[in-house]
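Undergrad: Take a look at the letters that make up each chain.
Protein chains: 4
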Amino acid sequence: MSHNTFGHLFRVTTWGESHGPALGCVVDGCPPGVGLTAAEIQVWLDRRKPGQGKFVTQRREPDEVKILSGVFEDERTNGQVTTGTPISLLIENTDQRSKDYSEIAQAFRPGHADYAYFAKYGVRDYRGGGRSSARETAARVAAGAVARKILEGVTIRACLAQIGPHAIDRSRFDWAEVENNPFWSPDAAIVSVWEEHLETIRKAGSSTGAVVEVVAEGVPAGWGAPIYGKLDSELAAALMSINAAKGVEIGAGFASAAFTGEENADEMRMKDGRIAFLANNAGGVLGGISTGQPVVARVAFKPTSSILTPRQAVNEKGEEVDLRTKGRHDPCVGIRGVPVVEAMTACVLADAFLRHRAQTGGGAFTPGASGE
Amino acid sequence: MSHNTFGHLFRVTTWGESHGPALGCVVDGCPPGVGLTAAEIQVWLDRRKPGQGKFVTQRREPDEVKILSGVFEDERTNGQVTTGTPISLLIENTDQRSKDYSEIAQAFRPGHADYAYFAKYGVRDYRGGGRSSARETAARVAAGAVARKILEGVTIRACLAQIGPHAIDRSRFDWAEVENNPFWSPDAAIVSVWEEHLETIRKAGSSTGAVVEVVAEGVPAGWGAPIYGKLDSELAAALMSINAAKGVEIGAGFASAAFTGEENADEMRMKDGRIAFLANNAGGVLGGISTGQPVVARVAFKPTSSILTPRQAVNEKGEEVDLRTKGRHDPCVGIRGVPVVEAMTACVLADAFLRHRAQTGGGAFTPGASGE
Amino acid sequence: MSHNTFGHLFRVTTWGESHGPALGCVVDGCPPGVGLTAAEIQVWLDRRKPGQGKFVTQRREPDEVKILSGVFEDERTNGQVTTGTPISLLIENTDQRSKDYSEIAQAFRPGHADYAYFAKYGVRDYRGGGRSSARETAARVAAGAVARKILEGVTIRACLAQIGPHAIDRSRFDWAEVENNPFWSPDAAIVSVWEEHLETIRKAGSSTGAVVEVVAEGVPAGWGAPIYGKLDSELAAALMSINAAKGVEIGAGFASAAFTGEENADEMRMKDGRIAFLANNAGGVLGGISTGQPVVARVAFKPTSSILTPRQAVNEKGEEVDLRTKGRHDPCVGIRGVPVVEAMTACVLADAFLRHRAQTGGGAFTPGASGE
Amino acid sequence: MSHNTFGHLFRVTTWGESHGPALGCVVDGCPPGVGLTAAEIQVWLDRRKPGQGKFVTQRREPDEVKILSGVFEDERTNGQVTTGTPISLLIENTDQRSKDYSEIAQAFRPGHADYAYFAKYGVRDYRGGGRSSARETAARVAAGAVARKILEGVTIRACLAQIGPHAIDRSRFDWAEVENNPFWSPDAAIVSVWEEHLETIRKAGSSTGAVVEVVAEGVPAGWGAPIYGKLDSELAAALMSINAAKGVEIGAGFASAAFTGEENADEMRMKDGRIAFLANNAGGVLGGISTGQPVVARVAFKPTSSILTPRQAVNEKGEEVDLRTKGRHDPCVGIRGVPVVEAMTACVLADAFLRHRAQTGGGAFTPGASGE
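Protein chains in written order, with the working numbering: chain W, 1 to 372; chain F, 1 to 372; chain E, 1 to 372; chain V, 1 to 372.
FYI, nobody ran anything at the bench for these hints, they're computed from the structure.
Where hints are given, some of them may not hold.
Stated by the list, open to error - What follows is a set of in silico ranges between Cβ atoms, one per label pair, in the way DEER data are often shown:
#1 V:38 to F:39: 26 to 36 Å
#2 V:38 to F:310: 36 to 46 Å
#3 F:167 to V:35: 45 to 55 Å
#4 F:189 to E:35: 58 to 68 Å
#5 E:175 to V:106: 52 to 62 Å
#6 V:193 to E:175: 36 to 46 Å
#7 V:319 to F:217: 38 to 48 Å
#8 V:64 to F:75: 26 to 36 Å
#9 F:106 to V:188: 51 to 61 Å
#10 V:171 to E:169: 56 to 66 Å
#11 V:279 to E:200: 55 to 65 Å
Here a beta-carbon is modelled for each residue, glycine too, at the ideal position from N, C-alpha and C.
Using the sequences and the accompanying hints, generate a full structural model.
TA: Encoded structure:
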C-alpha cells in the first residue's frame, strides 16, 4: 500500500478533497472484457450517498460517477466492457459550502486530522476536512463496484452490528432485514433501540461510534498468501484505512483471546466430497489463506468528533481556543461506513483473486481429488 | 506489502521454514552509518527465544544470528556500521525433530494452516508447520532490532494485557514490572492468576489466547500519511500478519464504538510551547498521521491449535481422521508474541520515518513557531 | 513500475485513451508547500502540443490542463501550493475524429500496437490507437512539469541529435540554438538538412526515425542507488516506456563498447575543493549513483508506422489485408518526443531525489570535508 | 524495482558484497510444484563462473549454490519441487584476497563506483568493490535459473555480438557456434580476431567493451503491458542494471532512427492459421506487449576501469592521486555478461508471464479463432 494507492494487482489510486472541484480514482489492473457501465457503479454510490435520512449528514451530493477511460464497446455483446487499461472514475463536488468552515480555518479540531496534517505538511485544505474528509470514500465505493464485477460467485455483504453500547442479538441475525431499515441492521428488533439512541444523540449535537460486520461468501479456498501477503493482513490494512476506523478483527477476533484451543479450532468433516468446517472462528482465513468458509471481519468506528459541545482546542498560532463544529455532520459515521467496508473488502478480494491466479493459475487443490 | 516482504522504504524480506536448514531475512533500505553488530540483534532474539520457561514451547534453539552483508568497519569510530546496502541476517535451525510430525504429514490439523496451504499450493512442507511456523517470527525480531537502531528517541515496549479471560487491572499498569515476570505483565498482581491459569491449561494439554499491547513513545508528530498510507493501517497490516493474530485495535479501539463524540475526542491545551493532549483515545494517530502522543495498539492472539485433545480433521485423501498434536508447543503463543509485536511496530515506525523524511524532509511543523 | 504507474515516491499514474472524453494523471508523493499553478504546467504542455508545424501531426488540441486536487492557497505567500496530497491533472480531448479510423477498426496495422493489444486483451479501443496513442504522453509532460518544481537547481534540457540518417555535428552543439528552430536542434547548420529531409518524407507520405538527447545539469552526487535502483536503470525504464522508443543509452553508451579502459574511465582532479571529472563518458552515473556531472542519456525513436504506402497486414478474422493509414500523423514522432523525454527525466530525478532523502537525509559526502 | 529487489510478481532480492562471507538472493512469488534442485541452478552458475580462461578474471570461486528454503519433496514424483514460499539461495565467498585492495581503500578509482558510493553513503566496503562488484551477478544468474524453470517452451540464449571495435558478421550468425568458443560468439570466423584483440588488451593491462545480444524464442503474444509496464521498458531496466551496462536496445534499436516507416514496420501475413511477421525490427514487442516473434535485445558494456595504466584520481581526503589497479580483473567484462543478460531476461519474462496470467488468465487471443 502506498499513500493514495491500495492493492497490488487490482490497484486503486484515489484523489480529491472535500471542497475541490471533484474527486475520483483510477482503477488499474482490471481484467479485460468485463462488462462495466457507469450505471452499475452508480448503484453502489447511491447506497453510500449522503442526505438520505436524518441520521446521516445533510450535505446533498448527487455523487454521479463518470467513466473517463478504460472501457469500450464490445462488438460481440453490444455492451460496454473493460479493455484492461486504467479506468478513470470522476465524481464532481457540487454542494460545497466553504463558508461553513471559516471559523476553523486556523484551528485544530479535537479528534480530527487537522493538527496531524498541519504538523506533517505545514499547509492543509481545511475546507470540510480537505483530503481527510469522508467524501474520499465515494471513490472507494466506486472502485469497489468495479471489483465486484470481477468477483463472480462471491457475495459481499456488510451490516451494522453495534451502535454506541447497543449490539445486535446474533440469534436474530437475518441478512434479509438489512435492506429494510436505514441502519443496515440484520436484527429487526434492535432498530427501534438504535433509532431512539440516535435521536437522543442527534438532539444533543453529539455523536456515537459503531461496529460494522462484513461477510464475503463464495470465496474459494486458496486466496491470500503466507506471511505479509496474508488475506487477513490485507483486510486489516484496507479496513483500518477507512476514516474513523479504530479496530479490525477477523472471525472470532478479540473474543478468541479468551478461548481455549478446544473452543477455538474449527473442526472438519467431509460433506459432499468437500471439506466442511463445523465452526468458523477463523473467519474463513487460516495462515493468511482463505479456507472456503465465509470471510468474516468487523470494524470499529469511533464517533465523529464534529459535535456541538464546545471542546478545548489549539490553533496554528499556538493559542488555546474553544471549538464547536457547526457544519452538517453524521451523528453516526458508522452507518455510512457499511457500503465503504463492503467496497474495501471487494477490492481486497479482487486483488487476492488476481494474485492467486498469477502464482498458481487460479485453481484450488481439493482433498481426495484424482491424481493426488 | 508483498507476500514475503513488508515495508516500503525500510523493507524486510523473510524466508525459511521451521525444519529447513535455516531461516532469515534481508533488510533493505536501512540508512548508512548506523552502528550495528550481531550482538545488538541477539539481545532481542534472546527475548523471543523458545525453551525459556515451562509456559513456552520446549523446542530449544540458540537462534544465533549472523550478519552476512550490509555492514562494514567505520574508520572514524572503529565500530561496525551499516553501509546502506542490504543487510542479510541468517539464523540456523538446529533443533528440528522431524519425526515428531510424521503422523500429520497427510492430515490437516484443525485451526492450522495445513489445509489452506494445501488448497493453494498442492504441496507443503508439513514439518513443524513449514513456512507457517512461528519460527518465522525470529526473522521479524531480528529485523526489528535493526529498525530500533534508526529510531533514535523512540521507545517501543509491549506487554501482555490479557491471558485467556484474565485481563490486567489498568490502575496497576507499571512498565517496570514487565521484566520481572515470565509473562511480560505490567500488572504484578495478576501474575499469580495467570500462572495458575496456564498451569491448568498446560496440564490439560490445552492452550489459551491472549492480548498484547504495544506502546511507542517519542514518535514525533507527522509520521504516517493520509488514506492508504495511514500509520494505523500499516500497523494493522503488520500486526495482523503475525501468526495467530485475529484482531488489532488502535487507541481506544473497539471500545470507542460505544463512546460519544464528547468522550472520544482528545482535547488539547498548550504546555511548554507544545500541544498537550488531555487524553489518548486516538492512540497517537489522527487521520493516519502521528500526533506526538504515544502510539498505542493491541493485538488479539488466538490459542494455538496444537493441543492434546483429539480433534475431528480431514486428510489429503479426503478421509475423516481424528488428530491430537503431540509435538512441543506453547500453551499460550501470545507470550512469545510480545517481542514480535514490538519488532513489527519498530519496522512500521522505521518505514514511516523514512517515508516522512522523503516527502517532507523529516521535520514537523509546530503551532506558533516563528515564521508561520 | 506498475502498468500505468511509474516512480516509487514521486509516483505518476496516467489514464486515458486517444478518443475518450479526457486523459490525465495523478501525481502522488509530491512534497508539500511547492508553488504550483495550472499555468506553470501549461507552459510545458504547450511545447509538446500538436498542430504546431507542418512536420508534426495536424491534430489540433488545446491540451488545456486542469488541477483537480492537491493544491491550496498558501496564506503566507498568497500563492497556490501543493498540500502533499495527490495532484489530479485532467486534459480534455476535443479534436477526436473517430471516423478517420473506421477502416482499421478490425485490422492490425503493421508496426502498431493493434495486434499486440488484441492478442493480450481480446478487445481494444481502436480509435486513434486508444491507450497506445502518443496522446498519453501529454499526461507525462504534465507530470514532468510538477517534477521540475521540486528539482530546484537542476536544469533538464533535451534536443534532437539525429533525424533519419542525419546526425548533428557535436562541434557545433549550442543549447541556445534549440529554441530557434522547430526541431529542437542544437546544431544550427543541420536545420536546413533536416527540413529538406522531412519535406521529402512528408510528401512521400512516409516517416522517419530520430534520436533525442537529454542532459540534466545540477544533479548532486549521490542520487540513485546500487543494483536494481540504479539511476541509469530507472532512466532506461522511463525513457524506453515512451511510445516508439527502441533504444536508450547513458553517457558514451553503445560507443563505449569499442573503447579501451583508458579511453572510457573519466579521470578526476580537484577543483575549487570539489571533484572535477576530465570527461563524462559515464554520463554522470557510476554504479547507478550520480557523480555530480551532468546526467546524459539518448533515446532512439523508430519512425511512426502510420504511412500512406499500403502495407501487408492481417485483421481480427485472420484475413490478409493491405492497409494504408490515412489519419493525421507525424512524419517524425521524435520531434514531439523531445518534451516527453525531458518530462520523464524530470520524473525519474524527482523520484531519485526523494528516495535519496529518505535513506540518507538528502545530503552528499564531499572528499576532504571536515570531520572525515 | 526497488533498490535491491527486481520484479513485481516473480521477485528477486539480492544481497552480499564481494568480500563478505557470502552473497545470495531470495526469489519470491515462484509458482508451486516446479521441480527445482541446486544442481539445476548450478549448471547456469558454472557458465558464469570466473577463473575459466585467460580472458576472464583469475579469481577462483566454486560458486556453489545452496537452497535454504522454498522447496520440498514431492510425494507424487519423488522429486524436489517449489512450495510457493520464498526460495533462499546462498553462495559462499571463498577466494577473497582483501590485501589486494589495501592501496585503494581511501581512493576513488576512475570509472568505478567508489566515489559515487562515498558521496551517497559516506561509508563503503572498498574490498573488491563491495556491493558494486560483479560478484553480485552470481545471485542474478541463480535467480535466472529459477525463472527458466517456469518458462516452459521459452528458449533464452545470449551471445557476444561485438568486442571492442570488432562486430560479428550477421550473415554467419549460428547459435550452434556459441558453445564452441570461449567468447559465446555465434560467428566462428570472428573468434580468432577477438582472441588476438583480447591478447593485446590483456598484455597491455588494458580492457575493452563489448555488446551482448539476447534472443528469447517461444514467448507467446500478449506478455507485457501498455505504458509503464512495457515489456521492453522492463527489459531495459533489468539489463541496464547489470554492472558496466551503458546502453540497451530492442529489435532494430538505434538503427531504427535512420529508417523510414516503410523499412521499419514489420508486415504481416497468415501462415498455418497464425500471424507470421515478415521481419522483426520490432524485436518481438509492439506497444510494450509481445507479438509472438522472438524478443531481441542488445546491451552495450563499457570496458572495466580496472587497468594497469596509472590514472588520475582523488581520495577521501580530497587529495589528487595516481592509481593503477593491481587486482585480478577481466579484460572484457562483457564476456561474463552473457549468462547474466540471459538470467535477467529470464527473470523479466517470468515476471511478465505471471503478470499476464494475473490480469487475463494467461491465454492469448488469436485472429480468426472461433467465437470471435
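Undergrad: Taking 36 to 46 Å as the hint, is the beta-carbon distance of residue 38 of chain V and residue 310 of chain F inside that range?
TA: Holds, at about 40 Å.
Undergrad: Check the following: the C-beta atoms of residue 189 of chain F and residue 35 of chain E are separated by a distance inside 58 to 68 Å.
TA: 60 Å, holds
Undergrad: Within 26 to 36 Å: is that where the Cβ-Cβ distance between residue 38 of chain V and residue 39 of chain F falls?
TA: 32 Å, holds
Undergrad: Within 52 to 62 Å: is that where the Cβ-Cβ distance between residue 175 of chain E and residue 106 of chain V falls?
TA: For residue 175 of chain E and residue 106 of chain V the Cβ distance comes to about 38 Å; the hint is violated.
Undergrad: Mind checking the hinted window 55 to 65 Å against the Cβ distance between residue 279 of chain V and residue 200 of chain E?
TA: 23 Å, violated
Undergrad: When you take the CB atoms of residue 319 of chain V and residue 217 of chain F, is the distance between them in 38 to 48 Å?
TA: Holds: the Cβ-Cβ distance is about 47 Å, inside 38 to 48 Å.
Undergrad: Is 45 to 55 Å a correct range for the gap between the Cβ atoms of residue 167 of chain F and residue 35 of chain V?
TA: With Cβ atoms ~51 Å apart, the hint holds.
Undergrad: Taking the Cβ atom of residue 64 of chain V and the Cβ atom of residue 75 of chain F, is their distance within the range 26 to 36 Å?
TA: Cβ of residue 64 of chain V to Cβ of residue 75 of chain F: about 33 Å, so the range 26 to 36 Å holds.
Undergrad: With respect to the beta-carbon atoms only, verify the hint that residue 193 of chain V and residue 175 of chain E lie 36 to 46 Å apart.
TA: 41 Å, holds
Undergrad: For the hint 51 to 61 Å, verify it against the beta carbon of residue 106 of chain F and that of residue 188 of chain V.
TA: Roughly 56 Å apart at Cβ, these two residues keep to the hinted range, so it holds.
Undergrad: Given a hinted range of 56 to 66 Å, is it respected by the beta-carbon distance of residue 171 of chain V and residue 169 of chain E?
TA: 33 Å, violated
In summary, the structure is inconsistent with hints 5, 10, 11 from the numbered list given earlier, while agreeing with the others.
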